[in-house]
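Asks: Those protein sequence lines, which keep their order, are chains A and B.
Following this note's numbering, the numbering of the first sequence begins with 1 at its first residue and continues without gaps.
Following this note's numbering, the numbering of the second sequence begins with 279 at its first residue and continues without gaps.
Among these hints, one or two may not hold up.
Coverage of chain B stretches by chain A, computed from C-beta distances (three or more under 8 Å per stretch; other residues unrestricted) [claimed, not checked]:
no., region
1, 370–383
2, 457–464
Computed Cβ-Cβ distance ranges for the label pairs, DEER-style [to be verified]:
no., chain 1, residue 1, chain 2, residue 2, range
3, A, R82, B, I416, 51 to 61 Å
4, B, S389, A, A234, 51 to 61 Å
5, A, E126, B, S463, 28 to 38 Å
6, B, K513, A, K111, 57 to 67 Å
7, B, L399, A, G23, 48 to 58 Å
8, A, M259, B, Y543, 58 to 68 Å
9, A, G23, B, F419, 24 to 34 Å
10, B, L395, A, Q123, 49 to 59 Å
11, B, S463, A, Q123, 18 to 28 Å
12, B, L473, A, D232, 47 to 57 Å
13, A, R82, B, I385, 27 to 37 Å
14, A, Q76, B, R464, 22 to 32 Å
15, B, L317, A, G131, 27 to 37 Å
16, A, G23, B, L473, 47 to 57 Å
No lab work stands behind these hints: they were computed from the structure.
Idealized CB from N, CA, C, for every residue including glycine.
Listed below, chain by chain, are the residues.
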Amino acid sequence: MNTNHSKLVVENLCLGHRSRLNGKFTTACEDLSFDVQEGEFVAIVGPSGCGKTTFLSAVAGLMPVASGRLELDGHQLSGPGRDRSLVFQHASLFPWRNVFGNVSFPLQAQKRLDEKGKKRIQQLLELVGLGENGDTYPRELSGGMMQRVNLARALVTDPELLLLDEPFAALDAQTREVMQSELTRIWQADEVSAGKTAVFITHDVPEAVFLADRVIVFSRGPAHLIESVPVDLARPRTREMKRSPEFLAITDHILDLVMQQSDEMRSASHGHSATVVA
Amino acid sequence: MAIAQLSSPRSGTSVQGKTPAAQRGPRRYEHVLLGLLGLGAVFGGWQLFTSLGIVDPTFASSPIGLFGALVDYIRSGAIWAPLSSTLSTVAWGIGISLVVGIPLGLIIGRSRILHGLTEPLISIMYSVPYVVFLPIIIFWFGIDQQARIVIVIWSSIFPLLINVVAGSRNLDLSYLHVAQVYCASRFLTLRAVALPATSPYILAGVRQAVGRGLVGAIVAELFMGSAGMGYLVQKQTSNFQMDEAMAAIAVIAVVAITLTRAVAYFERRFTSWSTST
Numbered sequence: 001m002n003t004n005h006s007k008l009v010v011e012n013l014c015l016g017h018r019s020r021l022n023g024k025f026t027t028a029c030e031d032l033s034f035d036v037q038e039g040e041f042v043a044i045v046g047p048s049g050c051g052k053t054t055f056l057s058a059v060a061g062l063m064p065v066a067s068g069r070l071e072l073d074g075h076q077l078s079g080p081g082r083d084r085s086l087v088f089q090h091a092s093l094f095p096w097r098n099v100f101g102n103v104s105f106p107l108q109a110q111k112r113l114d115e116k117g118k119k120r121i122q123q124l125l126e127l128v129g130l131g132e133n134g135d136t137y138p139r140e141l142s143g144g145m146m147q148r149v150n151l152a153r154a155l156v157t158d159p160e161l162l163l164l165d166e167p168f169a170a171l172d173a174q175t176r177e178v179m180q181s182e183l184t185r186i187w188q189a190d191e192v193s194a195g196k197t198a199v200f201i202t203h204d205v206p207e208a209v210f211l212a213d214r215v216i217v218f219s220r221g222p223a224h225l226i227e228s229v230p231v232d233l234a235r236p237r238t239r240e241m242k243r244s245p246e247f248l249a250i251t252d253h254i255l256d257l258v259m260q261q262s263d264e265m266r267s268a269s270h271g272h273s274a275t276v277v278a
Numbered sequence: 279m280a281i282a283q284l285s286s287p288r289s290g291t292s293v294q295g296k297t298p299a300a301q302r303g304p305r306r307y308e309h310v311l312l313g314l315l316g317l318g319a320v321f322g323g324w325q326l327f328t329s330l331g332i333v334d335p336t337f338a339s340s341p342i343g344l345f346g347a348l349v350d351y352i353r354s355g356a357i358w359a360p361l362s363s364t365l366s367t368v369a370w371g372i373g374i375s376l377v378v379g380i381p382l383g384l385i386i387g388r389s390r391i392l393h394g395l396t397e398p399l400i401s402i403m404y405s406v407p408y409v410v411f412l413p414i415i416i417f418w419f420g421i422d423q424q425a426r427i428v429i430v431i432w433s434s435i436f437p438l439l440i441n442v443v444a445g446s447r448n449l450d451l452s453y454l455h456v457a458q459v460y461c462a463s464r465f466l467t468l469r470a471v472a473l474p475a476t477s478p479y480i481l482a483g484v485r486q487a488v489g490r491g492l493v494g495a496i497v498a499e500l501f502m503g504s505a506g507m508g509y510l511v512q513k514q515t516s517n518f519q520m521d522e523a524m525a526a527i528a529v530i531a532v533v534a535i536t537l538t539r540a541v542a543y544f545e546r547r548f549t550s551w552s553t554s555t
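Just chain B, with the same shape it has in the complex:
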C-alpha cells in the first residue's frame, strides 16, 4: 500500500534533475520562451474578452485590473500582513512536520514492530482527504493560527512519514556493516551513513509535504481564517473586489512556485549521486 503512494525518489529527482541539463543552450531559451508565450496567450485572451465586454470584469476581473490591484497592494503594504501570516503558518507547520516526521520515520522504519503497528494508520491518514478533519480540528483547536498550524502539520506529515519510513526500511545493510567494521560511533553512523543513504526518500517526502502543507494552510484560511492569503481571497471575493482577489491568488502562485522550486533545488543539490549518469 505504502509503495503505491510513494513518490519514487529516483524518478522524482531524475525528472526534475535532468531536465535543465538536457535543455542547456538554445533549447532552454526556447522552452522558457514557449512558456511565456502560453501564459501571454491566456492573459491576452482574458484581457480581450473583458475589454470587448464579452465577459463582465465585475465578475471575471481582468489582467490589467489584477496588475493594478497588485501594485496597489504592494504600494500600500496591505499585502504584507496576510502574506507573512500565511508564510509563518506554513513555516511553523512544515518545520514541526520535518522535526517530528523525519526522526519518527527513521525510527519506525528500523523497527519491525513499530512499522507493523503504524503502517495501516499512516496509510489511512494519508489516503483520507485531510479537509474532512477540518470541522473537528476547529472544534478542538478553534480558529486561531495555532489551529491553522495544526492543519498544515496534519496535511504534510503523512506523505513525509510514508517516504521516510520507506527510505529507512530500504537502507542497505552493507552500508551499516561498513560503519560497524570501521568502528564508527552511533552518531557518525546516523549522520554520515543513515541520513545520506535515506536522503533521496526524505527529500521526496519533503517535496510532497511542502506542496500539501501550502494547500493545507490556504484551505484553513479560507474556512476559518481571520488572517492570511486564503482569508484575503475569501474576503475580497465576498466584497466583489475581484481584481484584489485575483491579485492575491497571483501572490499565492508566486509563493507556491518559489517553494516548489526551492525544494527541487535541494533535491538536485543533495541527491545528485543517486541518479545514474
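Same shape as in the complex, but just chain A:
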C-alpha cells in the first residue's frame, strides 16, 4: 500500500462498542483496510447498520479505536482534532445562536475568532448561499438551509479532512438533488478548501457516485472492505451526467455489491440454512 501519499490510512482497523449493561463487546468494523489520497473525495456505502457511521465517528474522534491503524498524515488518531471537521447527519445547529454564531462556534472553540476569522465566516456564508442570513435563527431555516450552515460550520476551520455523515439523508428528494450539486460546487469553489480531502457516508448509491472520486463498499456488519470502485467521471459534474451510460454502469455495479450484502444480512438473520443462497 502506498502510504507515502495517503492522507488517511486505515489498516486492520477494529471498532466496537462495549455494552454498559453486560460488558459484551459488539464489533462494528473488523479488519477494515483502505486509504484515502490527498485531495480525494471518497464516498462510503454499505447496507444500513453495517457500521459506516461508527467508522466515521472513530475518524472524527468521538469513538475509541479498539485495534489497528487509523492514521491521518501519519499520526494515529485518538480523540477529536482541529485537523478534522464533521458535517453532522442532523444539522445539530445550536438553536440559541443565529447562523453567524453557529458558524463561528468552531473558531471560538479554537480561539481563532479574530477579524480574519469573521471575514472567513462571511465568505463561507456567501459561498453556501446564506450571505444575507447571518442574523437568522435555525428555527427559521429549512432543512436544506440548515445543512448549508452545517457545511459552512465544518469548513470554517479549514480542516485537513472533511467528514460528512449522511448529511442529505433527511432531506426531500428535490432538495437533496440541489444540495448534491451545491456540495460539488462548494467543494471545488472555495479557494481555501478547494480539493479538500473528504470522506462522505451515504446509503444512496447514485449520490455516492455523483459526488465521489472513489466509492468504498462496506460489507454487512461487522464492516470490512468489499470493493473500492473508482469513479472516472469528469468534473465539474452536472445533473445530466446521472443519465449517462458510464454513470449508470458504475451505479449498477455498486448497487449489485450492496444488495448482495443486504441479502446476506437478511438470510443470516433467518437462520443457517439460508446462507447457502449467498
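Keeping the supplied structure of chain A fixed, place chain B upon it in accordance with the hints.
Replies: Using the frame of chain A, we list chain B on its own:
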C-alpha cells in the same frame, strides 16, 4: 413522577411569551382596560359596602382607609424597614437556592447514579408542603432572619432542582458532540452549550422558585417573625388596625407581581429561540 411536577418550559414560555405579541395594538389596550375595570369594580363594591355600613370597616377596612394607611406608611417611612427585611430574606434565600441548585441540578442530571439516588428524595421534598417543616426549622435555627432564609431556601430549591435536573437529563447529546468535534474546552462547553441548552428548564425552575420562595418568606414571618411584611400584617391585624394590615398586603402584592414579571421577562428574553414561530 418528576415529569408530572415539571412545569413545561416550552408551554411556560409560549404562554407568557406569546400573549403580549398577540395583543399588540388596540387589543392590548382593551386587555389592560378590562383588567383595570375588573379591579375597579371590586374596590368600588368594597368601598360602597363599607360606606353604606353593610360591613363594619373596623373588621373589613376599606379602599380609602387602605390608601390612607399606605400613604402614611410611605410618608412616615415605616414601611421601609419591614419591606427591606422581607426583600433581603427573599434575595438571600433565592440567591443561595440558585447558586446551589443550578450547578447541583446540572450535576445530578448528568449522573445516572446520582439521579437514581436523589430522585425519590427530591420528589418527596417537593410534594410535602414545606410549611410542615416550620416547627422543626424553628427548633433547629430559631426565629431570626437566618431561620427565615432557611425557609425560603427550603421552599424554593426543590422546584428549581426538579426542573434543572430534567433539563440536564434532556440535554441533546448531539450538541455535546458538536462541542467535542470542534475541540471546545470543558468550560466553553458548559458555558456556551450546556447552559443555554438547559436554560428554558432553568428559567422555568427559577419562576417556580421565586413564587414559592416569596410565599415561604411571608409564611415564615407570619409564624416566627420579629420583622418583615408578614410580621407587619400579623401585628396590625392583632391590633385591629385593618387599614394598615390591608396596606401591607397591597405592598406584598406589588412585590409579588414585580418579581413574577421580572422572571417572565428574563424567560422571554433568553429562551425566545425555544418557542417555535
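Asks: Taking the beta carbons of L473/B and D232/A, is their distance inside 47 to 57 Å?
Replies: 51 Å Cβ-Cβ, so the 47 to 57 Å window holds.
Asks: Check the following: the C-beta atoms of G23/A and F419/B are separated by a distance inside 24 to 34 Å.
Replies: violated (49 Å)
Asks: Do the Cβ positions of S463/B and Q123/A conform to the proposed distance bound of 18 to 28 Å?
Replies: Holds, at about 26 Å.
Asks: Counting residues of the region 457–464 of chain B with a beta carbon closer than 8 Å to any beta carbon of chain A, are there 3 or more?
Replies: It holds: at least three residues are needed, and the region 457–464 of chain B offers 7 whose Cβ sits within less than 8 Å of chain A.
Asks: May I ask you to test the hint 58 to 68 Å on the CB atoms belonging to M259/A and Y543/B?
Replies: holds (59 Å)
Asks: For the pair K513/B and K111/A, does the Cβ-Cβ distance stay inside 57 to 67 Å?
Replies: holds (60 Å)
Asks: I want to verify a distance hint. Is the separation of the beta carbons of S389/B and A234/A within 51 to 61 Å?
Replies: Check passed, 56 Å falls within 51 to 61 Å.
Asks: Are there three or more residues in the region 370–383 of chain B whose C-beta lies closer than 8 Å to some C-beta of chain A?
Replies: With 0 residues closer than 8 Å to chain A, the region 370–383 of chain B misses the three-residue bar; violated.
Asks: CB of L317/B to CB of G131/A, is that within 27 to 37 Å?
Replies: Violated, at about 52 Å.
Asks: Does the hinted range 48 to 58 Å hold for L399/B and G23/A at CB?
Replies: violated (30 Å)
Asks: Is it true that the C-beta distance of E126/A to S463/B lies inside 28 to 38 Å, as the hint says?
Replies: holds (30 Å)
Asks: At the C-beta level, are L395/B and Q123/A separated by a distance inside 49 to 59 Å?
Replies: About 51 Å separates the Cβ atoms of L395/B and Q123/A, which means 49 to 59 Å holds.
Of the numbered hints given earlier, the model fails hints 1, 7, 9, 15, 16; all others are met.
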